[in-house]
Amino acid sequence: MKKFDYLKPHTLDEALSLLNQYGNRAQLIAGGTDVIVMIKQKKLFPDVLISLQGIPGLGQIDYNGMLRIGPMVTHRAIEKSELIRKEFSALTDSADVLGSVQIRNVATIGGNIVTAAPSADTAAPLLALGAQVKLKSMQTERTIPIEQFFTGPGETVLEKGQILTEILIPKPLPNTGSAYWKLQRRGALDLPILGVAVLLSLDKATVTCSDLLCTASPISTVLHSLEGDEVFCKEVRIALGVAAPTPMRATKAENLLRGKKISDELLKEVAETAAKEAQPRDSLRGEAWYRRDMIEVLVKRMAMRCIERILRPEETIFPVRLW
Amino acid sequence: MQDFINIGKRIPKMDAEEKVTGKAIYIHDLKVPGMLYGKILYSPHPHAKILRIDTSEAERLPGVRAVLTGYNTPPIKFGFYKDNPPLKANKVRSYRDEVAAVAAIDPDIAEDALNLIRVEYEILPAIFDPEEAMKEGAPLIHEEHLGGKEKKPTNVLNLPWRLIAGDVDEARKNSDYVAEDRFKVTWVAHCCLGTSGCVAQFDLKNNLTMYSNTQIPSLAQKDYLDALSAMGLQGKKARVIKAMIGGGFGSKLDTYAYEYIAILLAHKTRKPVKIIFSREEEFFATSPRQPAIIHIAQGCTKDGKLTFRDIRMTLDNGAYTSWGATTPSVMMMPISSLYKVPNVRYVAKCVYTNNTWSQAMRGYGNPQATFAIDSQIDILAEMAGIDPLDFRMRNANTPGEVTPQNFRINTCGLRECIDVVAQKLDWRQNRGRRDGRGIGMASMIHVGGGARVYKSDGCGTIIKIDDFGTVNVITGATDMGQGADTVIAQIVAEELGVRVEDVVVTHTDTDICPWDVGAHASRTTFVAGNSARGAAKKVKEQLLEVAAKSLGENPENLDIRDRTIFSKNDPEKKSPLGKILRAAHYAAGGKMVMAEHFYDPPNENLDKEFKGNLSVTYAYGTHGVEVEVDKETGQVKILKYIAAHDVGRAINPMLLEGQVYGGATMGIGYALTERLILQDGKVMNPNFLDYKMLTAKDVPNIEPIVVETDDQFGPFGAKGIGEPGLVPTAPAIANAIYDAVGVRIKDLPITPEKVLAALKEKK
Ligand SMILES: Cc1cc2nc3c(=O)[nH]c(=O)nc-3n(C[C@H](O)[C@H](O)[C@H](O)COP(=O)(O)OP(=O)(O)OC[C@H]3O[C@@H](n4cnc5c(N)ncnc54)[C@H](O)[C@@H]3O)c2cc1C
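If you read the sequences in order, they're chains A and B.
At position 261 of the first sequence (counting the first as 1) the number is 261 in this note's numbering, and the numbers step up by one without a gap.
At position 495 of the second sequence (counting the first as 1) the number is 495 in this note's numbering, and the numbers step up by one without a gap.
Mixed in with the good hints, there may be bad ones.
Listed below are the simulated BS3-like cross-link pairs for lysine-lysine, each with C-alpha atoms no more than 27 Å apart in a straight line [stated by the list, open to error]:
| # | chain 1 | residue 1 | chain 2 | residue 2 |
| --- | --- | --- | --- | --- |
| 1 | A | Lys276 | B | Lys682 |
| 2 | B | Lys682 | B | Lys82 |
| 3 | B | Lys173 | B | Lys424 |
| 4 | B | Lys754 | A | Lys276 |
| 5 | B | Lys173 | B | Lys340 |
| 6 | B | Lys631 | A | Lys268 |
| 7 | B | Lys697 | A | Lys80 |
| 8 | B | Lys31 | A | Lys2 |
Bear in mind the hints are in silico, worked out from the structure with no lab data behind them.
All chains should be built: construct the whole structure from the sequences, respecting the hints.
Rendered as structure tokens:
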């Protein structure tokens, strides 16, 4: 393995100035679960690794009108956060299945999105949740929607000299649920064949689920029973991982659903549309036709799960089983 | 049943603490003073002529001590078919072909030096499909390889596997139902956690010491001696010292190019040379399980009696030949003797291709063959309108049977196994729901008392007891993680009336340990166990004789219990073991207590027709599974897993269950997720990210059920269990999937894509 120097600045400013000083010879390191692997695989040759471990404040989760997640927050910390589990469930869903506990203990959310793998597990949930990212250099600071962050496989708008300093997620509307499903071949230590995240807000202020039917039956049955109540979709975001060169939003599908009365048939159509607008390809990890088929299946299931989470918040449930 | 002190006890593996605390010394940890590091340059093409190799730049790199190629090394050929030189000259035949090797003072320099070696190739047309490779005009992998009646160049190996019993054609005509199918199985890797490696060292007289993690020390020793001869070092010695082995599963049943390369580098540099595989090398440069294309037909009568079994098989040998090419001889076992089937025909061809070459792996062909046989049993049962459980019971093997291959079935608990699996799955209740949940079963036969694959199936043991009553057992057996040491200690302790912790087992050094044919064929508990027991009996005789003098008692009246020799007539007459031994050593004209025993079971070599009683006893088992299939995604989830095995006797139920858990886990991977993906001969997934070995989260709750039949030949009644655990797994799962959703997958692994595609087609 190539030898490198390891620098551990204690402030963000110091880190930015080191980054500036070493330029192309430097690489930031957070948990190191991508960087070190890439150095071993001879895909990266940094002379200097600049660690973000020693900078206070980058590892915080705050909720104050908005959810602020520091880039150094580990997936394990996200997985364990009750707040995120309740309000931003899709993110918990992804942290819950990323790598293994050992990996989640060190790997960070910042590292995950900066690596920008098409398969990055937190990307689709962040898109669905409407996240923004803050990028800081010595001179500038800007905040952009995460959609604009990814530009290609392994590519982002992040420039040399910039550090991702914060991930911001708006407080969800009332009656919102979100969910992510990682379709994988193993229960752990796997990258997704496909990732599907959905966020859904219902417009009724008081959609509740009180009778027995509602708490025990499958959610599609529940939906039918609520039809009299005319449940409308106020907001929806559908995000897909491994369905295109970058994590993507299925906006046509979203438009089909936004503002409409939710029904089984409509959700089916929405899922089909999402499958059509995706551009999955054949790879070692999965074939395009299967990915496309699964978008259809999983968009629908995740939409259902969102509704389930709205109607049965008590069971915000992290299901080991999909069906 | 007899009352045992040590047999049948759940005793943890003797090396367990060392392993879980990271103290155990594996080949990776081993350092020999002055040691250099070797690295290998592999071919970038699946098939090409080597036009020119220029190593001058690599040689000039500081820290490099030697660079070897096929052009400056002696012509060693290794492997079962002697078709494989450690370093290739003139031509490469696969991506894993070794073209050059470097020894340097550290691994990074060795790696850098590889990048400085310039090789010019002329690319040749390559072939990756064994059926295509058999055709006239296909590119030849080994031009000099002649075969067939006319002795023409061919890719088909001269290994005409052919077993005929009865009259299959006639039986087919008289069958009421005939099923005919094509099954396909692909490459899977052993996935040893400890990668391959060795250290080769020469002394001043050119005697070789190999530190290795082989599972066949005595045979490896012979391979190394052959290599020394080819190097002009006739008459020199070869000593094999084993480090702790991080998993074998058949992968270490052969010697490999890297070992000869280490020997050549050590000889050239006069320094010890270590070669350790990276995980990537472990995946692409070691040999996986053979892929096979299996054409199978079976027939039965109206009332479900099997009438015949007819199998034609093509095996992808890859570019070179290992012992793996002999797996068809083991496939004959289930083909001829799993269930009662009077007429059998089996023909198999091994074909050279430009793919990686295959090797032995746990089950040695049996899982491939059993997948086809026992999947098709369900197909046939359905045609005949018979419940597959009843179908299996009707055809189950029984004690005393002589099978078409002339196996003499001794103990046989197959019916019990089928029965208990059916009970546990609540078969009558749960079968045939077709609602996404389903149950299925499959059975297996394997050799249970060793197998006479070589001329000898023997193993030697030496036991000595010194001053303090510690029992030193020096065995030919190889412990590669399965717990052979512990089981041998239990057997010896039982026989000698001592405790397991009094027994020290040494198995690591061919200069010390007696001969053994190797850890294969699930033979170690049976053969090494019988050998150890024989030696223990002899030692006991000596002990009692020595004690008889000091205790003034007839030896026949003496026995040993809990480290004490006592008189059965007069309990007052007793003495601790250590004291008796010290007395023997310090007496004038003293005596040393030591014995050896060689045990070679009465197994028969297969004759020219591939018939004969290969093993003195056979192991049977049945696995039962309940699955749930997601009809929209094609994913299969195992809800329940029952593994019933006739093991003769469980010497150590804990270790035995470990073998069953491990076997079934490997089998589930084989069935559902694992495969080496080769694209035009190149391994595309040489890592655990994309090679889908199951994780702890994926392994279902496996319930092992031990059926004890107390085999008369086994040590305390035991039979082999090393391999059986994975043999019936894939067909049991495939049968359960069929029961759940009505689709039959005949091609492993059963991925969600295949299930979904089949479900769509069915619609
Ligand atoms: C065994 C294993 C399993 C894995 N499983 C999964 C999985 O299931 N799903 C998945 O999505 N990923 C998986 N990964 C990949 C990896 O763990 C994740 O992408 C992880 O989130 C990376 O975080 P890190 O802190 O380790 O990043 P690092 O490796 O430290 O950094 C990654 C990249 O981000 C840059 N970087 C880090 N922080 C910042 C910042 N604040 N500003 C600017 N640039 C920054 C680094 O320079 C580097 O380029 C796995 C990795 C391993 C080794």
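Against the structure, the hints:
{"no.": "1", "hint": "Lys276(A) with Lys682(B)", "verdict": "violated, 33 Å"}
{"no.": "2", "hint": "Lys682(B) with Lys82(B)", "verdict": "holds, 24 Å"}
{"no.": "3", "hint": "Lys173(B) with Lys424(B)", "verdict": "violated, 38 Å"}
{"no.": "4", "hint": "Lys754(B) with Lys276(A)", "verdict": "holds, 22 Å"}
{"no.": "5", "hint": "Lys173(B) with Lys340(B)", "verdict": "holds, 19 Å"}
{"no.": "6", "hint": "Lys631(B) with Lys268(A)", "verdict": "holds, 16 Å"}
{"no.": "7", "hint": "Lys697(B) with Lys80(A)", "verdict": "holds, 19 Å"}
{"no.": "8", "hint": "Lys31(B) with Lys2(A)", "verdict": "holds, 23 Å"}
The structure fails to meet hints 1 and 3 from the earlier list, while all remaining hints are met.
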